[in-house]
Amino acid sequence: MATVETADTAVAEESGVRRRDFINIAAVSFAGAGAVATVFPLVNQMNPSADVLALASIEVDISAIEAGQAIKTSWRKQPIFIRNLTAEEITEANAVDVAELRDPETLAERTTAGKENWLITLGVCTHLGCVPLGAAQGEIKGEFGGYFCPCHGSHYDTAARIRKGPAPANLEVPEHEFLSDTVVKIG
Amino acid sequence: MSFPWAKEYTPTTDFGQWMDKQLPLPRFVYNSLGAGYPAPRNLNYMWNFGSMAGLFLVIQIITGIILAMHYAANANIAFDSVEHIMRDVNSGWMIRYAHANGASFFFIAIYLHIGRGLFYGSYKAPREMLWLLGVVIYLLAMATAFMGYVLPWGQMSFWGAKVITGLFEAIPLVGKPIQELLLGGFAPDNAALNRFFSLHYLLPFVIAGVIIMHIWALHIPGSNNPTGVDVKGPQDTVPFHPYYTAKDGWTIGLVLIFFTAMMFFLPNALGHADNYIPANPLSTPAHIVPEWYFWPWYAILRAFTFDFLFIPAKLLGVLAMFSAILVWFFLPWLDKSPVRSGLFRPKFKIFFGILVIDVLVLGYCGGAPAEEPFVMISQLASAYYFAHFLIILPLLSRLEKPEPLPNSITESVTGKPLNTAS
Numbered sequence: 001m002a003t004v005e006t007a008d009t010a011v012a013e014e015s016g017v018r019r020r021d022f023i024n025i026a027a028v029s030f031a032g033a034g035a036v037a038t039v040f041p042l043v044n045q046m047n048p049s050a051d052v053l054a055l056a057s058i059e060v061d062i063s064a065i066e067a068g069q070a071i072k073t074s075w076r077k078q079p080i081f082i083r084n085l086t087a088e089e090i091t092e093a094n095a096v097d098v099a100e101l102r103d104p105e106t107l108a109e110r111t112t113a114g115k116e117n118w119l120i121t122l123g124v125c126t127h128l129g130c131v132p133l134g135a136a137q138g139e140i141k142g143e144f145g146g147y148f149c150p151c152h153g154s155h156y157d158t159a160a161r162i163r164k165g166p167a168p169a170n171l172e173v174p175e176h177e178f179l180s181d182t183v184v185k186i187g
Numbered sequence: 001m002s003f004p005w006a007k008e009y010t011p012t013t014d015f016g017q018w019m020d021k022q023l024p025l026p027r028f029v030y031n032s033l034g035a036g037y038p039a040p041r042n043l044n045y046m047w048n049f050g051s052m053a054g055l056f057l058v059i060q061i062i063t064g065i066i067l068a069m070h071y072a073a074n075a076n077i078a079f080d081s082v083e084h085i086m087r088d089v090n091s092g093w094m095i096r097y098a099h100a101n102g103a104s105f106f107f108i109a110i111y112l113h114i115g116r117g118l119f120y121g122s123y124k125a126p127r128e129m130l131w132l133l134g135v136v137i138y139l140l141a142m143a144t145a146f147m148g149y150v151l152p153w154g155q156m157s158f159w160g161a162k163v164i165t166g167l168f169e170a171i172p173l174v175g176k177p178i179q180e181l182l183l184g185g186f187a188p189d190n191a192a193l194n195r196f197f198s199l200h201y202l203l204p205f206v207i208a209g210v211i212i213m214h215i216w217a218l219h220i221p222g223s224n225n226p227t228g229v230d231v232k233g234p235q236d237t238v239p240f241h242p243y244y245t246a247k248d249g250w251t252i253g254l255v256l257i258f259f260t261a262m263m264f265f266l267p268n269a270l271g272h273a274d275n276y277i278p279a280n281p282l283s284t285p286a287h288i289v290p291e292w293y294f295w296p297w298y299a300i301l302r303a304f305t306f307d308f309l310f311i312p313a314k315l316l317g318v319l320a321m322f323s324a325i326l327v328w329f330f331l332p333w334l335d336k337s338p339v340r341s342g343l344f345r346p347k348f349k350i351f352f353g354i355l356v357i358d359v360l361v362l363g364y365c366g367g368a369p370a371e372e373p374f375v376m377i378s379q380l381a382s383a384y385y386f387a388h389f390l391i392i393l394p395l396l397s398r399l400e401k402p403e404p405l406p407n408s409i410t411e412s413v414t415g416k417p418l419n420t421a422s
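From first to last, the protein sequence lines stand for chains D and F.
Each residue of the first sequence is one higher than the last, beginning at 1 in our numbering.
Each residue of the second sequence is one higher than the last, beginning at 1 in our numbering.
Hints in this document: simulated from the structure, not taken from any laboratory.
Fair warning: there could be bad hints in the mix.
[Said to hold, decoys possible] Listed below are the simulated SDA-like cross-link pairs for lysine to any residue, each with C-alpha atoms no more than 20 Å apart in a straight line:
no., chain 1, residue 1, chain 2, residue 2
1, F, 314, F, 333
2, F, 336, F, 416
3, F, 314, F, 70
4, F, 247, D, 19
5, F, 7, F, 45
6, D, 141, D, 26
7, D, 77, D, 185
8, F, 349, F, 373
9, F, 336, F, 128
10, F, 21, F, 11
11, F, 162, F, 116
12, F, 349, F, 416
13, D, 77, F, 84
14, F, 349, F, 393
15, D, 77, F, 88
16, F, 232, F, 250
17, F, 416, F, 230
18, F, 416, F, 344
19, D, 115, D, 180
20, D, 77, F, 70
21, F, 247, D, 126
22, F, 247, D, 168
23, D, 77, D, 20
24, F, 247, D, 21
25, F, 401, F, 389
26, F, 349, F, 368
27, D, 115, D, 32
28, D, 72, D, 55
29, F, 247, D, 115
30, F, 247, D, 23
31, F, 247, D, 35
32, F, 176, F, 310
33, F, 247, D, 20
34, F, 247, D, 72
35, D, 185, D, 141
36, F, 176, F, 195
[Stated by the list, open to error] One side of the interface only, derived from the structure: several residues of chain D facing chain F at Cβ under 10 Å:
no., residue
37, 25
38, 27
39, 29
40, 31
Using N, Cα and C, we set each Cβ at its ideal position, and we do this for glycine too.
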């Protein structure tokens, strides 16, 4: 032992670092890296599991929705509004000056080309997550003829864009794709 | 607490001094696990299993809390929810296998820890309370492990629950009502599963509480050591940190290699295939045994196949099984030999070796089918087990002539008399 100690001291005098310091730092770093690698799966387990993700996309038959009507369906445990806009509603939405909107988006940007009458949005108010009114027959559609959230009074227009009230953004348009003229895949 | 030469905690930073005045938690840690806790300088590797058991308790609590996020304690869906953990939850399979094998590793550590105490006489004065608390921890750990094994609600879970609660039925007169009280029904079902889950979540924290008392009781006399000779001065001790933190860290690193190897390559080696069949109250698996860590006690339970006087065999087996562990509570007063360490007790050393073999034989029989020759072997081994504690130890402490003890720990380490060793 004595000789090793002497050797260590000699190194320490030259560089100020002993071999034992290096071993100490290396061991603790290795343990630290191991701990981080262990924590990852322990946190990642809280992410959506495979069975939840398996239900992440749905197909909806929209053949029965007449112009001016809307349906509510459920996607990822959240309400979805699918609305067949009338010609007047489309005109009304396109007449708005986009630059003046809180969340500037045109109707065309929120729908699929050639199928501008199909407005598909989440039925989740962007303020605090209530379900806005206006999809079902007879519900209040708000001052702009789209949706109205009764929780805190957010008004959405016929393109489901925020026009008045506390909500910060338009109703979210989920990723969707028309598989045929009558079937849309959401998610 | 601790020895007079223990290093005093002196915070160097302003924050450290402020903290020390308001909540001396760093001082507490320093004095219990840091440089402020002097431990005997001659502790061998058998002294590493306490911290290892602690590590596995922490692993069990962390993985258990995670599993509880995904598990459903309902008899209709419990089994499926475990399969959901295995197949759907991100890394769920790994976390479940860590939990299942972690229980085994916890018991491996605990058994070596108990064996260390038995051989080196760590249960003797002034550490009786330390020993008693350890036995309590062991009993709580067994209850926790048993209830945890019921939760997957497979065939072994169900029949394990039925058999173990059936033990209470052996109690005269009130046995049947007690079993129904424990199960909340006439056989294990939703009520039993729910209460087992509730208690399985609670008991590890009770264990953690008793461990705090266990460590508290340890830190008053300080650790025993391989010579069993009391610490006599500063030359007999080294600071816990860095000496024993580093040594414990080394074995923890080593055991984690075995643990992960088990988790990844042999995850079901210690389990039973029958537990992947959903619980079926109408069909008992052909070969029903508990987990390996219960085998010695299970062998004692099954060894009693005969009625004795007016006591039926069933009750005898149950009494013997519980007594096999309860006898540990009396151990400090059964072994009156003033010499702690088995190293200096030539005859005790031999009988201790026989006891270890005896418990291994019991363990083997406990895992074997209940047929000859295992029943006969279990009976002989059970008889020896009790004889060791109730007859051999008390007699040995009177009859045995111990070898001379070293004058001090330092002398035993350096081979030099105390006054010349620094």
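Problem - Violations among the numbered hints, reported as their numbers in ascending order - result: 1, 2, 3, 5, 6, 8, 11, 12, 16, 21, 22, 23, 26, 27, 29, 34, 35, 37 and 39
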